[in-house]
Structure formats: C-alpha cells, structure tokens
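2 protein chains.
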Amino acid sequence: MPKSELTKAIIDATREALNAEGPVPLHVPFLNGSEARCLGEAVESTFVSSVGPFVDRFEAELGSLTGARRVVATSSGTSALQLALRVAGVRRGDEVLVPSLTFVATANAVSYLGAFPHFVDVEETTLGIDPKALRRWLVFASEMTDEGLRNKTTGRMIRALVPMHTFGHPSRIESLCEVAREFSLVVVEDAAESLGSTYKEKHTGTFGLLGAVSFNGNKIVTTGGGGAILTDDDALADRAKHLSTTAKKAHSWEYIHDEIGYNFRMPNINAALGVAQLGQLPDFLSSKRALADKYRAAFDGIDAVSIVTEPTHSRSNYWLQTLRLKEGGAPYLDEILEGLNAAGFGARPVWRPLHTLEIYETASRAPLPVTEKLGRALINLPSSAGLA
Amino acid sequence: MPKSELTKAIIDATREALNAEGPVPLHVPFLNGSEARCLGEAVESTFVSSVGPFVDRFEAELGSLTGARRVVATSSGTSALQLALRVAGVRRGDEVLVPSLTFVATANAVSYLGAFPHFVDVEETTLGIDPKALRRWLVFASEMTDEGLRNKTTGRMIRALVPMHTFGHPSRIESLCEVAREFSLVVVEDAAESLGSTYKEKHTGTFGLLGAVSFNGNKIVTTGGGGAILTDDDALADRAKHLSTTAKKAHSWEYIHDEIGYNFRMPNINAALGVAQLGQLPDFLSSKRALADKYRAAFDGIDAVSIVTEPTHSRSNYWLQTLRLKEGGAPYLDEILEGLNAAGFGARPVWRPLHTLEIYETASRAPLPVTEKLGRALINLPSSAGLA
Numbered sequence: 013m014p015k016s017e018l019t020k021a022i023i024d025a026t027r028e029a030l031n032a033e034g035p036v037p038l039h040v041p042f043l044n045g046s047e048a049r050c051l052g053e054a055v056e057s058t059f060v061s062s063v064g065p066f067v068d069r070f071e072a073e074l075g076s077l078t079g080a081r082r083v084v085a086t087s088s089g090t091s092a093l094q095l096a097l098r099v100a101g102v103r104r105g106d107e108v109l110v111p112s113l114t115f116v117a118t119a120n121a122v123s124y125l126g127a128f129p130h131f132v133d134v135e136e137t138t139l140g141i142d143p144k145a146l147r148r149w150l151v152f153a154s155e156m157t158d159e160g161l162r163n164k165t166t167g168r169m170i171r172a173l174v175p176m177h178t179f180g181h182p183s184r185i186e187s188l189c190e191v192a193r194e195f196s197l198v199v200v201e202d203a204a205e206s207l208g209s210t211y212k213e214k215h216t217g218t219f220g221l222l223g224a225v226s227f228n229g230n231k232i233v234t235t236g237g238g239g240a241i242l243t244d245d246d247a248l249a250d251r252a253k254h255l256s257t258t259a260k261k262a263h264s265w266e267y268i269h270d271e272i273g274y275n276f277r278m279p280n281i282n283a284a285l286g287v288a289q290l291g292q293l294p295d296f297l298s299s300k301r302a303l304a305d306k307y308r309a310a311f312d313g314i315d316a317v318s319i320v321t322e323p324t325h326s327r328s329n330y331w332l333q334t335l336r337l338k339e340g341g342a343p344y345l346d347e348i349l350e351g352l353n354a355a356g357f358g359a360r361p362v363w364r365p366l367h368t369l370e371i372y373e374t375a376s377r378a379p380l381p382v383t384e385k386l387g388r389a390l391i392n393l394p395s396s397a398g399l400a
Numbered sequence: 013m014p015k016s017e018l019t020k021a022i023i024d025a026t027r028e029a030l031n032a033e034g035p036v037p038l039h040v041p042f043l044n045g046s047e048a049r050c051l052g053e054a055v056e057s058t059f060v061s062s063v064g065p066f067v068d069r070f071e072a073e074l075g076s077l078t079g080a081r082r083v084v085a086t087s088s089g090t091s092a093l094q095l096a097l098r099v100a101g102v103r104r105g106d107e108v109l110v111p112s113l114t115f116v117a118t119a120n121a122v123s124y125l126g127a128f129p130h131f132v133d134v135e136e137t138t139l140g141i142d143p144k145a146l147r148r149w150l151v152f153a154s155e156m157t158d159e160g161l162r163n164k165t166t167g168r169m170i171r172a173l174v175p176m177h178t179f180g181h182p183s184r185i186e187s188l189c190e191v192a193r194e195f196s197l198v199v200v201e202d203a204a205e206s207l208g209s210t211y212k213e214k215h216t217g218t219f220g221l222l223g224a225v226s227f228n229g230n231k232i233v234t235t236g237g238g239g240a241i242l243t244d245d246d247a248l249a250d251r252a253k254h255l256s257t258t259a260k261k262a263h264s265w266e267y268i269h270d271e272i273g274y275n276f277r278m279p280n281i282n283a284a285l286g287v288a289q290l291g292q293l294p295d296f297l298s299s300k301r302a303l304a305d306k307y308r309a310a311f312d313g314i315d316a317v318s319i320v321t322e323p324t325h326s327r328s329n330y331w332l333q334t335l336r337l338k339e340g341g342a343p344y345l346d347e348i349l350e351g352l353n354a355a356g357f358g359a360r361p362v363w364r365p366l367h368t369l370e371i372y373e374t375a376s377r378a379p380l381p382v383t384e385k386l387g388r389a390l391i392n393l394p395s396s397a398g399l400a
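First to last, the protein sequences are chains A and B. Using the working numbering, the first residue of the first sequence is number 13, and each one after it goes up by one. Using the working numbering, the first residue of the second sequence is number 13, and each one after it goes up by one.
Careful, some of the hints might be misleading.
[Unchecked claim] Every beta carbon over 10 Å from chain A, so not counted as near; a handful from chain B, in silico:
| id | residue |
| --- | --- |
| 1 | L43 |
| 2 | A145 |
| 3 | T165 |
| 4 | C189 |
| 5 | E194 |
| 6 | S196 |
| 7 | K260 |
| 8 | P279 |
| 9 | A316 |
| 10 | S376 |
| 11 | A400 |
[Unchecked claim] Pairs of lysine-lysine residues, derived as BS3-like cross-links and limited to a Cα-Cα distance of at most 25 Å, are as follows:
| id | chain 1 | residue 1 | chain 2 | residue 2 |
| --- | --- | --- | --- | --- |
| 12 | B | K385 | B | K15 |
| 13 | A | K212 | A | K144 |
| 14 | A | K338 | A | K20 |
| 15 | B | K385 | A | K260 |
| 16 | A | K15 | A | K338 |
| 17 | B | K261 | A | K385 |
| 18 | B | K260 | B | K306 |
| 19 | A | K144 | A | K306 |
| 20 | A | K261 | B | K385 |
| 21 | B | K338 | A | K385 |
| 22 | B | K338 | B | K385 |
| 23 | B | K306 | B | K20 |
Just so you know, these hints were derived from the structure itself, not from any lab. Even glycine gets a Cβ: it sits at the ideal position worked out from N, Cα and C.
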C-alpha cells in the first residue's frame, strides 16, 4: 500500500520535531544523575531489600513533591492501586467505576480484589473520565440504598471511582470528586502516569482519598519497577503499609499476621534508583514541556491532526506526547503507525479500550462513544526526557 | 525472672559457635561480590526495568544451577508461587494442601487465587510435609470423583500439593510426589528457602510440575525483592511469563491482553543484583555448612537441645540455622528467645503455625500434632553467610 500524503507529512513533522532520523524509541529512562552512586551506596549499606534508608528517603521526597501527608512505596503501580482500593473499602463483589480508555492494570487491580470494573466514558479534551456523562449515567443506572450505591442492573454495590490522568494530563478531578460525593463514592486516583502533573497547583493523586503512582521503566521517573500510594489519611497509610508487609504485627520475633496481606513493599535498591531519578524530575519536566512545544510547532500545518496539550487549570508532565487524528485522519491510523515505526520512530496507539477486550467484554458499562472514537484517534510519539 | 541454666548454656554455645559477642543479626545479605559493578552496568545500559540482559542472564544461570529447563523471574517469591499455582490449574474455590508450619506467604498465594489453603502436618526429621500422615489423611478425608479429588467435608476440589523445604532442608519430596500421583494432585514446590538444596542430587523445586524460589532480602541469594518459577514444561513457562507481563500478546504496538495478568516480572536492576549474588552462591553454601558444623559442636554438650541437620539423601543449603528444643527445653522457649536477643544474638521462633492465626483458623486441616509440637520447639540462630 502506498503511503498517503498524510502519513508522509506526519513522519516528516516527527523528524522535524525531534531533529533526528530514527531510531528514536517511544520512551526510555534517562539515568544520567546520581543513579550509579545511590545504588552503590545501597549495596555498601547492605540494605537492599524492603527496609532501608532509601525507602524512607524516597517516601519523604515524594511527600514533599506531591504535598501528600503520607506515602507508602510499593513494588509496582498496580500493587499500589490494588492496596489503595482495598484500604478504601472495596470488597469482593463490589463494582468500581474506571475509564475504559486506560492501561489494563487499572481494571486488573479491581479484579484482584474479587471486585468488578464498571467502565465509564472519557471526554475529548482531558482524555479523562467525563464528569457530566458520569453523573448522567449514575442517575440512570444506579440507586442509593442503605448500604450505598447499587447498580440497578447487576445488583452489586458501586463502591469507588478511579479517575486516571491519561498520559500525564490531569482529568477534571474537582468535578469528578463532586460527583463522587453526590453518590457516596470513594475516590482513588490512578496517577500512574502523572507524577509532576498538577490541577490548580495541587498534585494529581492527592484529590482522592488515596492516589496511586507508578515508577515502572516507562514512566517519567523509574525505580525499575515500583509504585506508591499517596494519602493524607494516617490510618489508611498505616494499614496500607501493614498490608504491604504481609500484615505482620510489630514484634521483635513473633510471627502474627492479622490480615491476608501481601509482599508489596518497594525494595531499598529500587528506592535508591528512585531517589536519584526524583532529583532529575524538574529537568525531565522542562524537557518534556519543550518537546511538546516542538511537536506542536512541527504539526501546526497539518490540518487532519493536532497535538494534545494540557487542559485548562492544569500543568501536565507531558509524560507521553500524543497526536490526535481528527475525523479526516482516523481512517489512516494503522498506516500512520506502520509508517512511523518503519521510519524508526517508536509510535503506538492508545490502549485498546478495555471493554473491547474479551476478558472484560461482559463488564458493566456506560455508553462509551468518546472512548470508542478516541480508541482510533490517538498516537503516542517518541517522548523520552532529553529529546528536547 | 532469673535466667535458667539452659538459657545461659544456649547463649554461651551461640557465642562460642559464632566466636563473637553480639550484636549478630539473624540474617543479613552478603554483598561483597560484583554487585556494585553489575548495578552500574545496568544503569549504563539504561535497561533497569522488566526487560533487559540481566533478566535473561539471571534466568539462564538459575536454569544451569537448578537443572530446570525453564525459569521465569518474578517480582517476589510470593508472586512466583501465586503464578505457579495459577498455571498449574488452581481455580477459585479449590483447596490446596500446604503445611501449617510455613511462612504465611505459602497460604496467601493460594488465597489470592480465591482458593483455600488446607493444612497438613509435617514430620520431625525433615520439618516438611509428612508423606505417610498426608496419605492417611487423604484416604480418610477425601474421595475421588470425575472432576478430581473432593474434600468430603467442604465439597471443594483439592487440586494441588505444595511441599515446602523448611529453612532449606529438603522435604521427603519423592514420597510426596508419589502420594500426589496416587490422588491425582498437581505438585507445586515452595522452594522459597532452598536455593542450592538438593535431594538425591536433584535440585529442590524441580520435582513438582513447577517450583517457586524467593530472592527476598533475607534469603541465601537476594535480588532486593524477587522470585522465580522453575519448570520443565515449556507451555507452562510460556504462560507464566505471559501472565507476569499483563498477559499482553506480542505485537509491536497493539495492546491486546488475553487474560487477567499481573505486573510480576523481575526488573533488570534486581536481576543485576541477582547475577552478582548467584556468582557467590558456592561460597555462601560452604560458609553456611561450616557454620552448621560449628553450631553442632558448640551445642553438643547440651542434652535438652540439638541442631537441625540435613535429612538423609539430601544436601541442605543450611539457609537458617535451627536449634531444636527437646521435651525438657520446650517450656523455656520464650525465655531462651528473650535471652538470646538480649545478648545481641538475632534469634526467632519458627513461624506461628498458620492454622492458629485468626485469618486461617477456619481453614480445612488434618490433625497437626507434630506442627503444634514443633511450633514451640524451634529457634533460628544467626545464619548469615560469612559467619564461618
């Protein structure tokens, strides 16, 4: 198939923004700070596992950065979200409202608890859950009972709402929290992608009762693998930490576990990497913001596309740069992806909406017109820190 | 309370074996090999997360060491066991036979799958599941049906048997596999503690359909946090690896997840630590064996106690050195633990048997007389590599 003019133009614009020929991967870690030194220190100290000074320091620095009163570092962003949902009160058989346009881990964290994801639609501007559509859907599909909000179709209790800040762009979190209050839902934010992103100068992940951050290898700051829970609630933080260390009661030598806990604590060695990475976050944020400007300028002349920019009232970390295909561009999605990757530019579509995966095709869901449209209209472009 | 003569004698013997005054902790990592260099290499390569050359190398070296055809490195020993049980066919509502005398993670891994631990007794010599008692119990408590072995009391299917090699001492694994065959049970070994331990020169964790190893900070070899699945079955290994990487189908950019998977893959940075540690395993094994000899010699004259030694046909890694209190010594357990710890020697009792924890008190169980006796009769002594 010959490449369309549009695909050629997009490849050229990408090359221009990056000022480079391929290969340029989608996202790689940038490890030019104190990483090797911090890791050496951790080895020297012999603290490499789940207790150690770097874990404490990483948690303290994340607290300062985000304004969260308490931080609990975990082995992954998924385990952070699972734990956050559990201490927020989600129980086996409950439903949890999550976007369908998200990485599968958001829904999986719900499933691990024996609960069920219930998919809701997102909006075009923020790519996050649409508060108005959510409210309309809950008025239609749920009823308030003595035990909480019940899904009228399944009879299950809808316990929590999980806003996700897509590609680092803050969702309309204040309005979402208002809807949650109206329907007695707990808010647990999936801030896996939005470290460094704020809404009205407040850090994402700190609006809900709890928030979950990820430090996977592809994130703006990496610990190899890791995550963290953010919360202002001491009791919830204590319980999350307790559950993350097999729910073992404090004692010098006795083994008493008072809940079915997990081995989810972040090892000191991963926290050492995290401390080194966090020190570079301001640079990463500037670099990614500058790259967004370059993409915007390079794509300015192509009518069929636009570059996704931070929503109003928000400051985005621009974790993943995102090209949006307008109506004229959407039919060319596959061709554009193939063209970009063949030219050496790591590009990928947004996740396949989760309600279209076989594993979640029977899940409860609201109408998802925007999700379905965006599922064919978004392409992530090379986004590593240091590219601009 | 004045210390008994026995407690004094035990403290003196510990001091003699270690040839040191306290503090000597129970177990700390020994990181004097190529740890810092391997970590530096990982940082240099920018591969720190779940894909990278150290992960491949760590898996290959574990394969050579254990003789397992396939190795899948994971984020923890618990996640390895959970995954192994899942791919072995354990489903929601099933029961899984596990010892009550084990770390809580053995039972938790079963619970995460929505299955139920069913506790069976151990034997005095190996500290592992007693094959004869197991057989007697299954004859009494279960019945074979078209769907498999059914627990006559609960009506649930008993799907798998999880032998655990306590403190590194191989359990009677051949006999256990025979009983499992007789009752159509799948064997998944919990080899969390027994890296380097063999039975008839075959590595523990390679007798069952799958085995799970741990590299937590307190283990003989550490990756900070981590684990691995061992198996000779290619299809099971492939499925475990697939599930450990969110069950994402291989594709350059498409996101299709065909099962509810996990984020359980070991990061490259942790594998880098593991490769450095594995290189020292022969030294760790010699040192721990020499330490066992010293403890044996030092405690030789104290009638009320003995040092646990490797079972027949076995070569143990002597991960944790273990003092056994005979009948005359058991009443002094708490006093001895307090005395040893007060003298600066990190000592702890064996785990509280899991059927006595509130979280598992309603679980199915066989009679557990040996477990209950050993629960008051075992003390771990300082055991780090490098102490002898």
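Hint check:
For L43(B), the shortest C-beta to C-beta distance to chain A comes to about 5 Å, within the 10 Å cut-off, and the non-interface label is violated. Annotated as non-interface, A145(B) keeps its C-beta farther than 10 Å from every C-beta of chain A; the closest such distance is 23 Å. With a least beta-carbon separation of about 22 Å from chain A, T165(B) lies farther than 10 Å from that chain, consistent with its non-interface assignment. Non-interface status of C189(B) relative to chain A is upheld: no Cβ of that chain comes within 10 Å, the nearest being about 27 Å off.
Look at E194(B): its CB is around 31 Å from the nearest CB on chain A, clear of 10 Å, so calling it non-interface holds up. Once the 10 Å rule is applied to beta carbons, S196(B) is consistent with being away from chain A; the minimum gap is 28 Å. A beta-carbon of chain A is positioned within 10 Å of the beta-carbon of K260(B); the least distance is around 8 Å. For P279(B), the non-interface assignment is contradicted: its Cβ lies about 3 Å from the closest Cβ of chain A, within the 10 Å cut-off.
For A316(B), the condition that its CB be more than 10 Å from all CB atoms of chain A holds, with the nearest at approximately 20 Å. For S376(B), the requirement that its beta carbon stay farther than 10 Å from each beta carbon of chain A is met, with the minimum near 16 Å. Distance to chain A confirms A400(B) as a non-interface residue, since its nearest Cβ pair spans about 18 Å, more than 10 Å. For the hint linking K385(B) to K15(B), the alpha-carbon distance of about 23 Å falls within 25 Å, and the restraint holds.
Under the criterion of a C-alpha separation no larger than 25 Å, the hint pairing K212(A) with K144(A) is consistent with the structure, at around 20 Å. For the proposed pair K338(A) and K20(A), the alpha carbon gap of about 16 Å is at most 25 Å, so the pair holds. Simply put, K385(B) and K260(A) have alpha-carbon atoms about 23 Å apart, close enough for the 25 Å limit, and the pair holds. A threshold of 25 Å between alpha carbons decides the hint, and for K15(A) with K338(A) the separation of about 18 Å falls inside it, so the pair holds.
Taking the CA atoms of K261(B) and K385(A), the gap is near 23 Å; set against the 25 Å cutoff, the hint holds. Restraint check: the Cα-Cα separation between K260(B) and K306(B) comes to about 51 Å, which exceeds 25 Å; the hinted pair is violated. A distance of roughly 33 Å separates the Cα atoms of K144(A) and K306(A); the hinted pair therefore is violated under the 25 Å criterion. Under the criterion of a C-alpha separation no larger than 25 Å, the hint pairing K261(A) with K385(B) is consistent with the structure, at around 23 Å.
Distance check on the hinted pair: K338(B) and K385(A) sit about 72 Å apart at the alpha-carbon level, beyond 25 Å; violated. For the given pair, K338(B) sits about 10 Å from K385(B) by alpha-carbon distance, which is consistent with the 25 Å threshold. At most 25 Å may separate the alpha-carbon atoms for a hinted pair to count; K306(B) and K20(B) meet this at roughly 18 Å.
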